[in-house]
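Colleague: What follows is the residue order along each chain.
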Amino acid sequence: MERQDKAQDAWVVGGHRFSSRLLMGTGKFQDAETMVRAVLASRAQIVTVALRRVGRIPREDDMLGPLGELKGITLMPNTSGARNASEAIRAARLGRELCGSPFVKVEIHPNPHHLMPDPIETFEAAKILAAEGFVVMPYMPADPVLAKRLEDVGCASLMPLGSAIGSGRGLATVEMLRLILRDARIPVIVDAGLRSPSEAAAALEMGCDAVLVNSAVAAAGDPVAMAAAFAQAVKAGRDAHRAGLMPQGGGTALATSPLTAFLSEEGQ
Amino acid sequence: MKLIVNGEAYEAKRHESVSALLEEMGIGGRPVVVVLNDEVIPSSSRSACGLREGDCVELFRLVGGG
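Chains V and G, in that order, give the protein sequences. Its first residue numbered 1, the first sequence is counted upward by one per residue in this note's numbering. Its first residue numbered 269, the second sequence is counted upward by one per residue in this note's numbering.
Calculated directly from the structure, the hints in this document are not laboratory data. Glycine included, C-beta positions come from ideal geometry on N, C-alpha and C. Any given hint could be a false lead.
[Claimed, not checked] Here are some, though not all, of the chain V residues that point toward chain G, as calculated from beta-carbon distances under 10 Å:
hint, residue
1, F29
2, R93
3, K105
Chain V with its partners taken away, still in its complex shape:
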């Protein structure tokens, strides 16, 4: 039952406590400086990175060097590029060596056209990595049955997609997300597809524990300003969730002001 700590509104994933409910990706930024400034503006505490082979000609532009110097940020390597469970497990072990962090975003999407996560390979990789002690955070289809299976094998969180990676199509899976939230006993993080801060706010309002964004910030007109906007939206959405939304009416209006005997009777 690590869903939340109500006193401080911190949330706990894999035994690690965080206050920020916005996770940031580091891909697609035009340069390292913009990326670092955006991460700072987002106030994210979990930041995803990817793993690649070193080219034959060493590259001078170290995108991630400055990130490692920032305090209070946990680097979470992903397994992007893995086409199956065994490749993802290998990537996770390498990522742990490089980041010194037990966190791993298991990400297995064999089809480059839609980049939909492979549920079977994701499940297999998650099961093995969780048993090895990783804090496993699987990028997954918004499927409540799979969500329960992933929870049962020891995942630290669930990361269902809102819509396809980088598509900016928002919370297309909202009804499935509601079903996942209904039963989840571990944090639920909407990962992928978000475009606007209002979508992030909506995810938090409906009870998601956090959201992960990358393209929405990196491909924005002003990435640093957009990161700050997402930070505010996530906070507003979370605050609204805690405050409790009013009941939704049917098709009829319910007046907020007295309507009868306008001006002819004394107010009640």
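Once you have looked at the hints, place chain G on chain V.
Modeller: Quick look at chain G alone, frame taken from chain V:
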């Protein structure tokens, strides 16, 4: 000494250790993870870990990703 580095043939002049190879390749001191014949070599073991003819070396680094 002939090695396979990241899937390609590589003629190493310095092969007394993994650390020496990284220096030769210009990536000494950079944050990379070294896999030697499918086994991760912790950074603390690199200077003591020697190389043999035909060894398969893979080098990975962190890049931006979502």
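Colleague: Indicate, hint by hint, whether the structure satisfies it.
Modeller: Against the structure, the hints:
1. F29: holds (6 Å)
2. R93: Holds, because the Cβ-Cβ distance from R93(V) to chain G comes to roughly 6 Å (cut-off 10 Å).
3. K105: holds (9 Å)
Violation of the numbered hints given earlier is absent; every hint is satisfied by the structure.
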